[in-house]
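What follows is the residue order along each chain.
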Amino acid sequence: MNISSSRPLLAPAGHHLLRLGDYSLMLHRRSMVVALILSLLLATVATWILAAGDDALTPSKALLAAFGQGEALQVFLIQELRMPRLIAGLLSGAALGAAGCLLQTLARNRLATPGVIGIDNGATAFAVASIVAVPTSLAPSALALSGAASAAILTFALAAGGGARGYRFIVVGIAIGALFGALTNLMLARSDMDAANAAYPWTVGSLNARPADSVLLLGIGLAAGLPLAKLLVNALSLMRFSDNVAIGLGVRLQRMRLLTLALCVWLTALAVAVVGPVGLIALAAPEMARHLCNRHGVPVLNAALSGALMMILADWLGRTLLAPIEIPVGIIAAVVGGPYLLWILLRQAPRSST
Amino acid sequence: MLAARLSVPQALSYTAVCLLLLCVASLLLGAGDIGILPSLQALLGGSDEDARFIVFELRWVRTELALLVGLALGAAGVLLQAVTRNPLAEPGLLGVSAGASFAVVLAINLGASAASLHLGVAMLGSLVGCVLVLLVTRMRGVGDDPVRLVLAGAAFSSMLGALSSLLLLWDQRTADEMRFWVIGALAGRPLDTLDWSLPGLLGGLLMALLVVRPLAALALGERVASGLGHHPQLTRLGTLLAVAILVGTATAAAGPIAFIGLIVPYIARRLVGSDIRRTLGLSMLLGPCVLLLADVISRLLVRPYELPVGVVTAFVGAPILIAVVRNHRLPTL
Amino acid sequence: MSIRSHLQRTAAAITTSLLLALPLHASERTLDSAYGPVKISGTAQRVVALGDSALDAALSLGIQPVGTLASRGGDDVPDYLKTTAGKITLVGSVREPNLEAILRLQPDLVLASSDLSRDLYAKLSLMAPTVVPTGNSFQDWRKTYLTYAQALGKQEEGQQRLAEIDKRSAELRHRLPQGQAVSVVRWNPQGPVIMSSHLFVGQLLNDLGLRANELAAAQAQKPHSDVLSLENLSRINADWIFLATLNPDGRKALEDARKQPAFTRLSAVVDGHVVTVDGQIWSSSSGYLAAQQVLDDVEKALLD
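First to last, the protein sequences are chains A, B and C. So for the first sequence, the numbering used here puts the first residue at 39; every next one is plus one. So for the second sequence, the numbering used here puts the first residue at -3; every next one is plus one. So for the third sequence, the numbering used here puts the first residue at 4; every next one is plus one.
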């Protein structure tokens, strides 16, 4: 974070410095170790989930089947049913985790997550509308995207003046969420049972047979968004301090804010378009990452990894607990994550944010 | 502390006139074919049997229920805001209503069907919600933060919502019955609803009257309150108990209706200032006003059908919530 | 049967469904479905019926499906099909079919309801030929029934079953008082809705020469009306009211309805012309077995 560049930069203790011409990237050693461990854990859990719940499959067989080797039935099970679901879970979890981390940093409040400020509800309302109320040729996931964007824009526009932080921003978000929630309730109350059933996955969040094209879009969006988020991290970690400090350290505040916000909405919207409202992942994943890294930084990559891990674990629980009836992943996340959110709220010291 | 714009008798009389007008409107307007004139004739003793039936058997009962529920929620809102010293506190937002309705859903799921049983269960559920509120506000440092309380309520509500969905997965049979407990409504409640919820309302109001003075003293600080001979902790407990009884009664009678407890104290404070001794009485008139207005709107918006009134109050209440946080530096009450 | 042969057969099923272009079997037939033509060969042995109507059709044609969904409003096969269906594996609920549970049954034919989503269809059609009937619940129910019959290779039997229904309706029509108005009402906890008269039950009642109530006839787009205001409850009035909930137990619905004075003053109620019926048949299902039940209900109510 040294600004004068006349002397060669030296990495502070616990960091590595990566140089490429004029650009240099500082890497936190512990974060890297955590990222490595999380990736390994993720790979193990993913493989295990691919094989779980079927006597005929071992993890190694499941891996082989993923590449088309083995019995036809197993290959079909893995390639057509479990892999797409796993990938959808990994990608959406990662996107939500990263988006949550970005918004928390931006708002200087660990409780400010996309779900809390109404983005999830906006997406749900639009998706449900496309199914039960307004006959349209657009797919629900396309509308979920526009719903998420409109909720975010509404929240920020109405909270304007107070900056994208502090209580005003969050309470306006809650109000916007309540509005869209009422809209969803209204549409469901007026629709018939079959349409309400069709809209059901969108109201609770589910990974069962999600549309392949929106998963693809999410993949592309994530591939572009994550590196961008990582690039923003340095400026972001300065923004954790007060505005004056950040400006003093040379952050172009307004532009950074807008960019971060756009990125956050982009990632959330793409994820919600796939999985529906599973907002609690965006709250819990950055917490876990921060806890593991044990420092006051912006662990955006580790948050993404944690989010992916949480999402696939929650989905696995939902698939197995009441089989053959599936519990949608959003319900698992809320039942497990709700008490966790309460715990953070009660334990948090008054003024320490992020 | 907001300055009073009106004297209490002035505000009370204006509100009473409003309430009277809204009651008449509620009797004259509806989703059916019986328009204003036939309704008026029926009200004044006309002989059209259909009109008489609709005015006296349907709209009358519904108006009474709105009065009762509005009164309970308005009073509960003022009490909750006073005891948490938080202008955002609202039984719906803080998860008290969610606690009540989840308790009823659970009871139905376990096989309870008697409507009067719902009252006790709902009160228990809202009591749990109130205990949570108490926990959060007594937490050091957290209690001063208006937002954290609201967030805790939102977290609690969403958790209970997910648990309800889980119950529905176990037992699809009651799924349809439970949809009612997600959005409140005043229409089509069983006729005996009034009979069994009236004692709940009276009990809650009695409790509220007992704590008004200590609460007002508490607003000046714990020391002052103790000096005046009031027990702060006992006052808080008593207030939350009153809130639990009132919200439990309202929820058992009409399902969860959000935002009344936010809108009413907001208006009351602007009219007569923030002293609870002035706002409590006014809110008992304002609550029914707001709910009746929302109910009349819910009947007229999609004629010949109706909307659940809980949807209408959310559409009115959310903008007010935004207005509250935009216009104030969130003074502690 | 060994697991190995199961696997081989399923692999074969997958291959055939993937290589639709190759004519393989003599009794091969092509069906028009909502998501394009589906080729089916031979007689299906392991049928999975997703939905009450599909299950009704299969059972009425003497085929025991290996798997089905819990009906809506219940957590099992609908009551009226329970004894006929016998022991049958549940593969999820109407809201969310469980794909892995379906795959485990290794179906060679999937009969789905007409509102199956495209994403689910994409997966199911890889497991086995999946038939999603064209049209919706507003078209002649016979068409949907025949689509299922055709898929099962039992078109003639299907025609016979339908002829039985037509014959019985014609007979019953002679014995019933003519020109009577009827309405089918679902009494939900949120309030009453009237069922459209253009659906399965409405079509049957129409064939019996019973006249649909005005409001029911006006529901040409949605399966049922919005929740009715009690002020407008007189619009459900008819010579006969058939009262149901989503559950098989119609009596509870009647109990709830009787608590409302707006209901008890309807002329049909005063005359005792309210008939409680099984909502799983009257407001959810369609098919031969359901039709027989509906005719039974009407005959019992209006003639006894």
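It is worth saying that the hints were derived from the structure and are not from the lab. Heads up, some of the hints might be wrong.
[As the list claims (entries may be wrong)] Some chain B residues close to chain A (C-beta under 8 angstroms, calculated; not the full set):
1. 81
2. 102
3. 105
4. 106
5. 131
6. 143
7. 159
8. 162
9. 310
[To be verified] Which chain C residues stay away from chain A? Per the calculated CB distances, all over 10 angstroms, these:
10. 65
11. 75
12. 95
13. 96
14. 98
15. 103
16. 227
17. 261
18. 262
By construction, the Cβ of each residue, glycine as well, lies at the ideal position given by its N, Cα and C atoms.
Original post:
Hint by hint, which ones does this structure get wrong, listed from lowest number up?
Top reply: Numbers 1, 2, 3, 4, 11, 12, 13, 14, 15 and 16 - these are the hints that the structure violates, sorted from lowest upward.
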